[in-house]
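K.L.:
Produce the complete structure using the sequences and hints provided.
Just so you know, the sequence shown maps onto residues 1 to 624 in our numbering.
Bear in mind the hints are in silico, worked out from the structure with no lab data behind them.
DSSO-like cross-link-like pairs, simulated, lysine-lysine; straight-line CA separation at most 30 Å:
id	residue 1	residue 2
1	K409	K341
2	K543	K345
3	K543	K572
4	K543	K341
5	K307	K341
6	K345	K409
7	K307	K409
8	K443	K409
9	K307	K543
10	K341	K572
11	K307	K345
12	K409	K543
Bear in mind the structure is a predicted one, so any value in this text is a computation, not a measurement.
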Amino acid sequence: MSYEEAFRASVEDPEGFWLAAARGIDWDVEPARGLDRRRAPFYRWFPDGELNVCRNALDRHVDAGRGEQAALVYDSPVTGTRQTFTYEELRDQVAVFAGVLAGLGVGRGDRVVVYMPMVPEAVVAMLACARIGAVHSVVFGGFAANELAVRIDDAEPKVVVAASCGIEGSRVVPYKPLLDRAVELATHRPEACVVLQRPQWEATLGPRDVDWAQAVRTARPAACVSVAATDPLYILYTSGTTGRPKGVVRDSGGYAVALRWSMEAVYDVGPGEVMFTASDVGWVVGHSYIVYGPLLAGATTVLYEGKPVGTPDAGQFWRVVQEHGVKTLFTAPTAFRAIKKVDPKGELARRYDLSGLRYLFLAGERLDPETYHWAGELLGIPVVDHWWQTETGWPIVANPVGIEAAPMKAGSPTLPLPGWDVRVLDAAGAPVPAGVDGAIVVKLPMPPGALPTLWNDDERFLSSYLSTYEGFYLTGDGGHLDEDGYVFVMGRTDDVINVAGHRLSTGGMEEVLASHPDVAECAVIGVADSLKGQVPRGFVVLKAGTAADPAVVEAELVQLVRDRIGAVASLKDVAVVAALPKTRSGKILRRTMRGIADGLDEPVPSTVEDASVVEALRPVLRRE
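P.N.:
As structure tokens, then:
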């Protein structure tokens, strides 16, 4: 099938299209029905199917005679560790730890919270839950105790699986005290906490605690438990939530089918090929393309514990690519901006053999054209911007290189993938012309793998995503389609500012700022103004080693925006700063910056990577 044929088939006959894709999965009971529409808009995929996702990720490859192939490569520059697990070895470890969980009373439908760093045991714990039909909820290791507590109260886990500590750059972060405090704060009490003792910091265990190493020595391996395709595989809480968190539910069958299909169609990764996704298992990217996607496809996945820069240098991604024979690299634009800032000429990349690298995929934040061009010129391979969300589970818009590569356009993640009927609507719900910004929505039903609801909160699912435009899922992002159907995502709809009656995209201004040769990364926010309602303010980080005078750069940037967007943009205030505050997944905390600039007592979100960056920026934002 060409892209056009695949997309048309997915929209005109979604059930037929996805039932065909479902043949890429091993079923205990093969589904005869594609989509259950009876409780629309609570659609359910493959309602009569039964399977086990762990068996599809591990056992079936061993049974097919590929047990000696590498499944998981653990690469940890922060501990100096390299370790490879074959499919047979990983299956056996998962089966034993599934036996540990079963011995603690965990069964089908029970929840398990996983609070761990980027270590192989985190993957083992996730797959062990899937093996026995339990529902895992991974919380980023090192999250604040109160944030972990509210997730424990919402998911009500029978067991928490944690590590004694994590490593953030050069810092050792003890996790066990945070876990103990979270359990104290929570109303719900887990029956047990399994703790992996790491040598960097060993925890004192209490009456509720179970030592991982001791438990696996005496556990009996557990077999795979068949579950309904509509049963939840995991709950993943969206970052930056306040009050009761939003727990995105992921079903088992639809997710397995969508990921298996996307590995080939989107990422062009098949059995035995190596995918390096530089993210974290605490985020959706880690769930989908560190753990489940590559293993469902029979590929080799790289689990990396470190940073793009500083552990120890900005060449670590290139080292990993060379050492492990990576074909497809997937990370966030902010990681490449960090590499570009430290090594603007790409000298470190030239020290390594990158000839096996075929694709660079970027997602998580808007990819500015400057970074897109820099990465493409440095690597000489396709740089594939793609766009999706925690809620969707896999990409909405991408260049489907595994089906048919389309010409790329800087600033666009390319085309809607099969299954995703993307529209752009105005405030009244009417389609807007090509090139005009509006709200980006997806026509229901969404394809397999997207969230069917929120955990124990159907009403909030409706009000958050489905109530604004009847029959459509509201992505919360704004942008436009061009005359060729390419999607341009300009940012969250609340990042569109109103300057004296003119609606302007901060993403468009950021694109201009990022084009300056001395700028490594930037952010534009709209702040309150008594005369114009809002005015934009820009913040930029300069590339390492630049000799440019910050005051000169600031003046040049103001003029650059005036030249390219016009005086209507009213961007007269640009500040050079040392760093921009980001979440651990690499997203710039624009909403936090905007609140501080508007004089609010804005707290530092639990998702922040380095709280000191926020505090250092407060005086600049408040003009103190």
